[in-house]
Each structure stands twice: as structure tokens, then as C-alpha cells.
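Construct the entire structure; sequences and hints are all you get.
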Amino acid sequence: MVIVQEADFDGAALQETMRLRCQGQAGAIVTFTGYVRDYTPEAATQTLYLEHYPGMCERELEDLAASARARWQLADTLIVHRVGALERNARIVFVAAASAHRGDAFRGCEFIIDALKTRAPFWKRETLVAGDSFWVEQKQTDHDRTQAWESGPLPPKENP
Amino acid sequence: MNGATIDLLYFARIAELVGKRQEAWPLTQACTGAQLLAALQERYPQLEPAARLKLAINQTHAKASATVQPGDEVAVFEPVTGG
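Chains A and B, in that order, are what the protein sequence lines are.
Under this note's numbering, the residue at position 28 of the first sequence is numbered 28, and the numbers go up by one with no gaps.
Residues are numbered in this note's numbering as their position in the second sequence, beginning at 1, plus a constant of 1000.
Source of the hints: derived by calculation from the structure; they are not laboratory data.
There could be a bad hint or two in this list.
[Unchecked claim] Capping the alpha-carbon separation at 30 Å, the derived lysine-lysine pairs in DSS-like fashion look like this:
id, chain 1, residue 1, chain 2, residue 2
1, A, LYS139, B, LYS1063
2, B, LYS1063, B, LYS1020
3, B, LYS1020, A, LYS139
Shown next, in the form of C-alpha cells:
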């Protein structure tokens, strides 16, 4: 299931929804939640605005969830991503992968969030407490992590 | 939308630089993504700071070598930053 919405979400409720949907097939549910953090330790974020491409966004998310289900034994996947103006510390994204065993659930969840960062058409605009406002640039490390999934199951470190 | 244009969509910083989110762009015969981007950069010199322009054709990521046909929906944007 894929949901793109402005409204906040309740991660615990989403995980419970997954558990009930899996009807005993999921021995493991791995979840990831992404939050609005400060741009850097020295540059506090006031607001993070998320723009998206409606239509393509949902299709890309469905497609990368399908890729995960094709690659690992997953009973179910769930992706929820917020758009619009988000305050510092707000929830942005929730990913869950359910599987009979933990290994596939861990890898499926990590693959989905890594692939989302380089494929799903969302763009972040930072507004700092200090007043500056700018569009965030994609990190080379995010690109490298998605590329690494093409060649094997173990991605490189998030921060070199 | 008739057969002699494409529906161009701009997102995020590209929409700000171009000053619009959407336009009908004349295209009478197929071209490559690279040719379309070159034409856009000529029409909108203000795109110069955006060194990494990406394309989606009919809501699918496309390479610069991909073919753009009259009637297509083509989105122009910088590398995505969700998550």
C-alpha cells in the first residue's frame, strides 16, 4: 500500500495495520520512520517544504515496493510519505516491510527507503531558523546506496 | 493538447527559475530528451545554475537519449530529494 498525504501519520497504528493485514504470515515487521532534522548541527531548520509530482510519485512508490517484493520474500509492504510544509521534528516518511523472517524484512525496508530517496519525485525546500531558504541537493551517498543495491544486498555506509 | 505540442511540467527549483509550473511546448516531430533540454536551456537561460536536469516522460524517469513524441507529458526537474 502506498499513501502520499499532507496529514501526519501514526506509526504505531500503521504498524498495527500491517500486523493485522498479514494474518499470521509475518514473523517480522521492520519499520523505518524519517523525521525533519536540522539541516546541519549549526543550521537549525524551521520548516521543510516537500513538493511532489502527483501521479508519477505514487507510481514510482508502487514500482519500488513491487521491486522489493520481487527480490525478497515479503508478505506486505507499506509506504506513507507526507508533502507540504513540515515543522522541525515532524514525521516525513514511514516504510514497513513484513516477512516470515527478519532478514528479508530488514533488507526489504532498507531497500525501499534507499530507492525512494533517488527515485520517488519529491523535492525538499529548507527554510532555516536563520532565515535562509533553498532547495536541497541530492546527496552522492544516497545515489551510491541505491546503485549498490543493483549489485548486491549490502549497501555502503550512509556517511563516508 | 493537440498533436503538435508536448505538455511540459516543471518542479521545485526548475519551476521557480522558469517562473511557471506548466506550459504547452511546440513539438511537431519526435526528438531526444537531450535535444529538448538544449532547447529549454536556450529559451530559459536562467536554467544555467541547474546543472543536473532530469526528465520524466509520461510519468516515468527517462534518460537524455529517450525519445520525446508530440502529445507526451514531459517533466523537468533536478535530482529528487524525498525521504
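Which of the numbered hints above does this structure break? none
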